[in-house]
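*Asks:* Please model the complete structure; the sequences and the hints are all you need to start from.
The working numbering applies: residue 8 is where the sequence shown begins, and numbers increase by one.
Distance ranges between label pairs, derived from CB positions: (1) P18 <-> H41: 14 to 20 Å; (2) K69 <-> G38: 17 to 23 Å; (3) Q26 <-> G70: 16 to 22 Å; (4) G61 <-> M17: 15 to 21 Å; (5) G61 <-> E37: 25 to 31 Å; (6) H41 <-> G61: 24 to 30 Å.
Just so you know, these hints were derived from the structure itself, not from any lab.
Heads up, the beta-carbon is just placed ideally off N, CA and C, and yes, glycines get one too.
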Amino acid sequence: MAEGPQMPAMPLSLARSGQTVMVSRVRGNEGLKHHLEELGFVEGSEVHVVSSSGGNIIVTIKGARFGLDTKVASHVMTM
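*Replies:* Take a look at the structure:
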């Protein structure tokens, strides 16, 4: 069953304030992937970007608010 064209994944670090995106995958070493998974960054989760500036990004995921630096946020791929 063929699906229509998909948007390419982009790192969460590139999402704009006010944007809601969906996690497509998490990259990085096993420790980082496990940590982000425990916070709720799993495939299919919706992430709302509250603000993004100065090398940090504040997001809401599964009812919780987190601050991530752009280095960590660049490992979360979104659609």
